[in-house]
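Visitor: Sequence:
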Amino acid sequence: MKPIIQLFLFILFLFSCATTNRIIEIEDSFKEIKGIKLVQNLKAYSSEKTGSFGGIKYYNLNLSYLFEKQKNGQSILNAEFQMTTPVSPGELDSILFLNLDHEKIKLISTEYKYNGKLMKRKFVVPENLWISIANSQEIFYRVDVGNEGIDVRLTASETLKVKEFFNRAIQQREAGQPPVPDGQKKW
0 MKPIIQLFLF
10 ILFLFSCATT
20 NRIIEIEDSF
30 KEIKGIKLVQ
40 NLKAYSSEKT
50 GSFGGIKYYN
60 LNLSYLFEKQ
70 KNGQSILNAE
80 FQMTTPVSPG
90 ELDSILFLNL
100 DHEKIKLIST
110 EYKYNGKLMK
120 RKFVVPENLW
130 ISIANSQEIF
140 YRVDVGNEGI
150 DVRLTASETL
160 KVKEFFNRAI
170 QQREAGQPPV
180 PDGQKKW
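The sequence shown begins at 0 in numbering that gives the first Met the number 0 and counts up one residue at a time.
Honestly, the hints are just simulated from the structure, not real lab data.
Backbone N, C-alpha and C fix where the C-beta goes; we use that ideal spot for every residue, glycine too.
Check the hints yourself; a few may be wrong.
For lysine-lysine, the following DSS-like pairs were computed, each having C-alpha atoms within a straight-line distance of at most 25 Å [claimed, not checked]:
{"#": "1", "residue 1": "K33", "residue 2": "K160"}
{"#": "2", "residue 1": "K36", "residue 2": "K105"}
{"#": "3", "residue 1": "K121", "residue 2": "K103"}
Here are the computed distance ranges between Cβ atoms for each label pair [what the hints assert, rightly or not]:
{"#": "4", "residue 1": "N166", "residue 2": "E31", "range": "18 to 28 Å"}
{"#": "5", "residue 1": "E173", "residue 2": "K42", "range": "31 to 41 Å"}
{"#": "6", "residue 1": "Q5", "residue 2": "N77", "range": "33 to 43 Å"}
{"#": "7", "residue 1": "S63", "residue 2": "N98", "range": "18 to 28 Å"}
{"#": "8", "residue 1": "Q69", "residue 2": "I130", "range": "15 to 25 Å"}
{"#": "9", "residue 1": "Y44", "residue 2": "P180", "range": "44 to 54 Å"}
{"#": "10", "residue 1": "I4", "residue 2": "P125", "range": "49 to 59 Å"}
{"#": "11", "residue 1": "I4", "residue 2": "Q176", "range": "43 to 53 Å"}
{"#": "12", "residue 1": "Y113", "residue 2": "K42", "range": "14 to 24 Å"}
{"#": "13", "residue 1": "Q5", "residue 2": "L128", "range": "43 to 53 Å"}
Based on the provided sequences and hints, a complete structural model is requested.
Guide: As structure tokens, then:
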């Protein structure tokens, strides 16, 4: 086989195994948890003008959504932001600003981890936001590192995947719930 074909097949194999922007089913019988996970590698940019190329500083941000449904019927949905930055005096702020179709929402972090240049913040997404996120046309995040604002605007394909994830989380959440009587709202 020609080396170019082998290289093409190898690259195709690598991309088919990538876990970013894919929804993965999770079932852990030991912890008695079922759920789904979505991991996205997003392009984040600083809202502050700097002296770098183009005047804007870019960051790589890894965002993981995790929906867990435990055996007792309790459901939880977390969003974990993981960002690698150059050594800086600031830390990833505990407040996440979520902009859904120009409606601004604040989420407060439940967990923080810092290891050298790697910063992680975990946010619990309340159930009353799931429908709003699933029906949003535009999703925008803002977190702060020290005095610098970091903005993330999802592309159309990333937004579609997030909407699909939240719709599946809603379906799994409702699967274990008793039916709602006629004339009453679910949410």
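Visitor: Taking the hints in turn, state whether each one holds.
Guide: Each hint tested on the structure:
| no. | hint | verdict |
| --- | --- | --- |
| 1 | K33 - K160 | holds (20 Å) |
| 2 | K36 - K105 | holds (22 Å) |
| 3 | K121 - K103 | holds (19 Å) |
| 4 | N166 - E31: 18 to 28 Å | holds (24 Å) |
| 5 | E173 - K42: 31 to 41 Å | holds (34 Å) |
| 6 | Q5 - N77: 33 to 43 Å | holds (41 Å) |
| 7 | S63 - N98: 18 to 28 Å | holds (20 Å) |
| 8 | Q69 - I130: 15 to 25 Å | holds (22 Å) |
| 9 | Y44 - P180: 44 to 54 Å | holds (48 Å) |
| 10 | I4 - P125: 49 to 59 Å | holds (51 Å) |
| 11 | I4 - Q176: 43 to 53 Å | holds (52 Å) |
| 12 | Y113 - K42: 14 to 24 Å | holds (22 Å) |
| 13 | Q5 - L128: 43 to 53 Å | holds (47 Å) |
Of the numbered hints given earlier, the model fails none.
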